Amino acid sequence: MLGNNMKPSIILNLFIAFALVLCTQVAVSATPDPTEQFRPFLNKVTATLADPGLKAMPKREQSRRIIGVVGERFDFREMSKRVIGQQWRSLSEKEQGEFEALFTQLLQYAYVGKIDEYTGQQVQFTQQRVKGERAEVQTLLVDKDKSIPVSYIMLLRGDQWMAYDVVVEGVSLVRNYMEQFSEILRKDGYPGLVKQIEEKIAELEKSIKKT
Amino acid sequence: MRWTGCRLALVRLFVSVIGTVFCWISLAQAVDFLSDESYEKPEANVQVADPIEPFNRAVFTLNDKVYLWVIEPVATGYSKVLPADIRSCIGNFFYNLGEPVRSANCLLQGRVRDAGSTLGRFIINSICGVFGLADAAEHEFKIAPVYASFGETLSVWGVGDGFYLVVPFMGPSTLRDFSGTVVDGAAMATYSPWNDDALTTASAQGAKTVNRTSLHLGEYVEIKSMSFDSYIAFRNGYYQMRSKQFDHSKTTK
Chain A
4 MLGNNMKPSI ILNLFIAFAL VLCTQVAVSA TPDPTEQFRP FLNKVTATLA DPGLKAMPKR
64 EQSRRIIGVV GERFDFREMS KRVIGQQWRS LSEKEQGEFE ALFTQLLQYA YVGKIDEYTG
124 QQVQFTQQRV KGERAEVQTL LVDKDKSIPV SYIMLLRGDQ WMAYDVVVEG VSLVRNYMEQ
184 FSEILRKDGY PGLVKQIEEK IAELEKSIKK T
Chain B
404 MRWTGCRLAL VRLFVSVIGT VFCWISLAQA VDFLSDESYE KPEANVQVAD PIEPFNRAVF
464 TLNDKVYLWV IEPVATGYSK VLPADIRSCI GNFFYNLGEP VRSANCLLQG RVRDAGSTLG
524 RFIINSICGV FGLADAAEHE FKIAPVYASF GETLSVWGVG DGFYLVVPFM GPSTLRDFSG
584 TVVDGAAMAT YSPWNDDALT TASAQGAKTV NRTSLHLGEY VEIKSMSFDS YIAFRNGYYQ
644 MRSKQFDHSK TTK
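Taken in order, these protein sequences are the chains called A and B.
Count along the first sequence from 1, add 3, and you get the number used in the numbering used here.
Count along the second sequence from 1, add 403, and you get the number used in the numbering used here.
Fair warning: there could be bad hints in the mix.
[Stated by the list, open to error] Distance condition first, Cα-Cα at most 25 Å in a straight line; then the derived DSS-like pairs of lysine-lysine:
1) K545/B x K149/A
2) K212/A x K58/A
3) K147/A x K47/A
4) K190/A x K483/B
5) K117/A x K545/B
6) K483/B x K647/B
7) K611/B x K203/A
8) K117/A x K483/B
None of these hints come from the bench; they were simulated from the model.
Computed from a prediction, not measured in an experiment: that's the story for all the values here.
Build the full structure now, drawing on both the sequences and the hints.
See below:
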């Protein structure tokens, strides 16, 4: 009696397991490899940084050039959305666009100082994780006497992996800004946040001109 | 027959309860960047309460001034005198002295393998690395350093963070982690070469801080210049960094 009951269930389970394995394999083969897409991109970024012509340009031009290259695989809209958090949905289409432009500009100025620091550091790919439409590509930025772990968090857009967060030594850029912005949004609302970002950009711009 | 069934049910219940508890613990500690919850809800970000924020902000300002006016200028001068590779050897030396304490903490946390590798690192680096100046264990023997502290041990034992605490001259911590740091320091004092008097101990601490700063010059100012509220930026950075340190699963390393 028991034996008879058991048999079909084992077969059924095996069938389900087999079907599941088949499904995941199909899914895996359909998604492009995030590291394979990201490797040429990071090579392009380091090549642009290493270009001696870049350092001869004025600072503002330098940062525009870099952000142009970075924009190929970074989804600034997704970044802006995450940095604002739940309030994003309450912003109008126009405000969302305005914020995206502003946040991109902030990153552009925040990283322009980094250009001079680039002295041929190499990127090593350590491992990757894929979970549905999300992926994490882990790298090591290898410097002379230290190496810094840097992870890129990505989203699958069509057949392209687009990054929306950078995690340096375990600290996520988006989550760090998110906590700061949520305080500002709570106290001064969206207009207050825009004002503060504009002030920050002006401040960073001034310090660039000084150097 | 009924007894066996009953016992089996009890064992199952026990296993599921323990399983749930462990799941909760690991949920509370590991942050998965690939899940949206870690972005959408700040409370899921392993946040710590900050009830004494005004006090913390005052200490943060004090530490900021101490860093900008004393530590960084000293470290900058020091970095010009000694080349980077020698400074990183000195850093290795200080790190190596902490290995026995790290090994003991691993044992207290039940990480037997890590306890062994940390002790192994201490022995190899003290002998082959000339008093720990070189990290031969990592480069020659491929034994990577692991994080362990008494604050972490307390967390494994179920002690909560208490609250966020900015310690004068030390920086971000929590009540639990700072208590852990004090215990680790006391444990190290039992065998470290400079426990004769307070002045020697303080000088050694100062040297360690200056040496470490000299290897990370400009980073603090840069993070500050990019942030809107540097107090919050550093508090959040501290939480995030720590949840990575406490996470010993392979995927996030």
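To see whether the hints hold, each was checked on the structure:
{"no.": "1", "hint": "K545/B x K149/A", "result": "holds (16 Å)"}
{"no.": "2", "hint": "K212/A x K58/A", "result": "holds (15 Å)"}
{"no.": "3", "hint": "K147/A x K47/A", "result": "holds (21 Å)"}
{"no.": "4", "hint": "K190/A x K483/B", "result": "violated (45 Å)"}
{"no.": "5", "hint": "K117/A x K545/B", "result": "violated (32 Å)"}
{"no.": "6", "hint": "K483/B x K647/B", "result": "violated (33 Å)"}
{"no.": "7", "hint": "K611/B x K203/A", "result": "violated (34 Å)"}
{"no.": "8", "hint": "K117/A x K483/B", "result": "holds (22 Å)"}
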